[in-house]
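Protein chains in written order, with my numbering: chain F, 1 to 469; chain W, 470 to 764.
By construction, these hints were calculated from the structure, which means they are not laboratory data. All values derive from a computational prediction rather than experimental measurement. Where a beta carbon is used, it is the ideal one built from N, C-alpha and C, also for glycine. Check the hints yourself; a few may be wrong.
[What the hints assert, rightly or not] Computed Cβ-Cβ distance ranges for the label pairs, DEER-style: (1) Gln678(W) with Leu72(F): 44 to 52 Å; (2) Ala727(W) with Leu457(F): 52 to 60 Å; (3) Ser288(F) with Leu481(W): 58 to 66 Å; (4) Leu503(W) with Leu457(F): 44 to 52 Å.
[As the list claims (entries may be wrong)] DSSO-like, lysine-lysine: derived pairs with alpha carbons at most 27 Å apart: (5) Lys422(F) with Lys437(F); (6) Lys369(F) with Lys404(F); (7) Lys418(F) with Lys437(F); (8) Lys560(W) with Lys54(F); (9) Lys65(F) with Lys578(W); (10) Lys631(W) with Lys54(F); (11) Lys578(W) with Lys54(F).
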Amino acid sequence: MITTILQYELKQLLRKRVGWALLLFILLGGGYAIAYGWLNYQHYRTQIGEVQQKQAETYAELAPKYDTLTQLGDQAPERLNSFGDPIMADFRYRRYSTWLPGSLSALAVGQRDQQTPYQRIQLYRNVNLPELEEINNPEQLLAGNFDLSFVLVYLLPLLVIVLGFNALSQDREEGILSLLKVQGLTPKQLLFTRVGLQFGLLWGLSLLICSIGFGVVGADWAHWPAWGLGCGAWLLLWAGLVAWVNTWGRSSAFNATVLAGFWIVLLILLPALTNFWVDRTYPVLPRSEFMATARDISSQEWDRPMAAILADFQKTQPDLYAKIPQPIRDTQAIKVFMYNENSIAKVEQLGAPLMRTGSQRLDLENRLKYLNPAYAFNAILTTSAGTELSNFIDWQNATKETLKQNRELVTQIGLSGKTFKKAEFERLPTFKAPPLKAQVGGNLLCLGVLAGLLWLLVWWSAQRNAAQV
Amino acid sequence: MALALLLLVLVLSGILALSQPQLSQGTDVWLRLLGLTTLYALYYFLISAMAVQLAAAIRQPALSLLSLLSIWVLSTVILPKVVAASAEQQKPLLGVMQFNEQMHEEREKGLNGHDPEDARSKRFERKILAKYSVDDPSKLPINYDGLLMQEDEYYGNAVWDKHFGLLNRDLRQQAQYTAWSSFINPFQALRNLSLSLANADLYQHLHFQKAAEMYRRTLIRTLNEKMAYGGSKTGDWDWTVPEAWFSELEDFNYEAPAMAWSLQQRTLELVAIAAWALLLILLLWMPWWKAERLL
């Protein structure tokens, strides 16, 4: 019997013009999203490429000079003197930490357009004070991205609704249901078979689009199962909602309204409320206020009397002070060193809540995902693409570590009275990207559990409302 | 329904206005609130008229409801994204690094690329020395450093004007691109006009940016001129002015533009939303449309 229903329903679906229109819509939308993501990623890669090229260029330009300094020592031409100065060496060798998620990020832009894509590795830099904020089209930031993850998260559920809102109600409204019952077919069988068929078709369609996307952008296919399973669980959830509403035995118009309401609640209202909640729970200092305070801290630090700075230095860095050769003691070099150490420490202290807030927000959002399955699905897509907030935080921490290593090297050499030669130049740290985290198991489990619970509810509701169904 | 929604907007606006002391001052705020209310009334009318048209054209309630929802999703979620992305493709913006480097280079090498900073400084020095008929900056009765800093500031301002001028032109063109889409998407018109009436759109931001930059220029010029003509001599970097002098400097007081200015920037959207209203009114009175079809 089920095979007969399936064959009949498939024929009906293929005959429906609405069905074909929807297929065209999703294929066009998916195609546009893939093309959009690909262009967006190319643009992003170009920007990162420029930065990396700049780093390579300055290395190529400077390395021979340090070779000369090493070979000739004191005999080196005077024009190269400033290259030996540790601070100037650090300043001249332009190094950057770059955030470059893989090509899968073309399909799930995630946080990539919101966060600073690169930072300069330099003595006075602070990870909390990125000076290179990308220039963005404000309209684009306001509207958001039309990438494949948007199609899968937002548009796929609409298709489930459009195909299934009248899975049972239409037959009842047209008087066919009673005829079907006579033939020994239960409405429950009909409903589950129809919704199951629609789910299967849409899952197949989403797998096809994902595969095209992976192929076009050249993504790592190791992430494909996560995307495929994520789409399956997400569609199963929506198919469950459609089936549940259909078990209430109400009219098609009522079902459509309720399902559209679910779409708005799950995809617009709940995420907005979650953001609001997270914002209220973990507020962050506005950027302008943060910058102004950080600047005040730096100025106050610089304006401190020299005697106080030196006393501080001797107290906090006794070992380092002991190693400093006499000519450098009690000079501007120490002031600069202390200024950097203190202002960076204080600004980091100021920025610590900001850094911590990112992780806290992430934790809270992770806990709230059971309330908001859209978050879980989106997290599966962006985490595997390396564009989730946690990936950005890892990058930021790695940048902070590189800045620290850089500071240590430059100040250590500077305060010991040495100059930069090739060996020191080569030791100037360059950024190494942390490995991308792509664990999606928790979110998949969350979606699976929610979909499973929903289907239990559907089963229970179908039994309870057997008369209406 | 449209009236109920309008009432809701009015009530919310009223609560907002009463809860913000600064909003209760000045007629511009009330005019803007009135503008917002009128705008939303028009928008809800458009939605209602569209719903009636669809209900008349599609006899099945479920299908007409779905069509309306599809239009809503299309106009509020999909089209704005597509249009913004197309604007970006049409008028791509420079990367910040390229932008900064161009500015840095022109500041160093000159706006024409053949006027390095050193040469400009020398030229300026010669000009000032000739003016005061001396042969060395240390013999000047004024502080040459202040003048040089101001001269550099003038040059930096010219570079800033050129590059930010181009960037702002591109941003405006992107905004115009989205403005044109109001003719196919009334929601775009509503959103842009709402932003404009709330003083929160791009044009408003650029207006503020310009005012802040002008204030900064005046402040820096005042400081440099004080250093130059306030009694210090060239090379006297430890020279200070009394605190009282700083307290006399004017604070930055930004005055947001009036509503008429905001609306002038959004002429396209105003025309578009009016055209939509007119079109739907005409459609409602078309002979093929009969109220009986709804029954």
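Consistency of the hints with the structure:
1. Gln678(W) with Leu72(F): 44 to 52 Å: Because 51 Å falls inside the window, the suggested range holds.
2. Ala727(W) with Leu457(F): 52 to 60 Å: holds, 56 Å
3. Ser288(F) with Leu481(W): 58 to 66 Å: violated, 28 Å
4. Leu503(W) with Leu457(F): 44 to 52 Å: This hint holds: roughly 48 Å between Cβ atoms.
5. Lys422(F) with Lys437(F): Cα-Cα ~36 Å, so violated.
6. Lys369(F) with Lys404(F): violated, 35 Å
7. Lys418(F) with Lys437(F): At roughly 41 Å apart (the allowed maximum being 27 Å), Lys437(F) and Lys418(F) break the hint.
8. Lys560(W) with Lys54(F): Distance ~25 Å between Lys560(W) and Lys54(F) Cα, so the pair holds.
9. Lys65(F) with Lys578(W): Holds, because 24 Å separates the two Cα atoms, which is no more than 27 Å.
10. Lys631(W) with Lys54(F): The hint holds at about 25 Å.
11. Lys578(W) with Lys54(F): Answer holds: Lys578(W) to Lys54(F) is near 19 Å, not above 27 Å.
Violated hints, listed in ascending order, are 3, 5, 6 and 7; each of the other numbered hints is respected by the structure.
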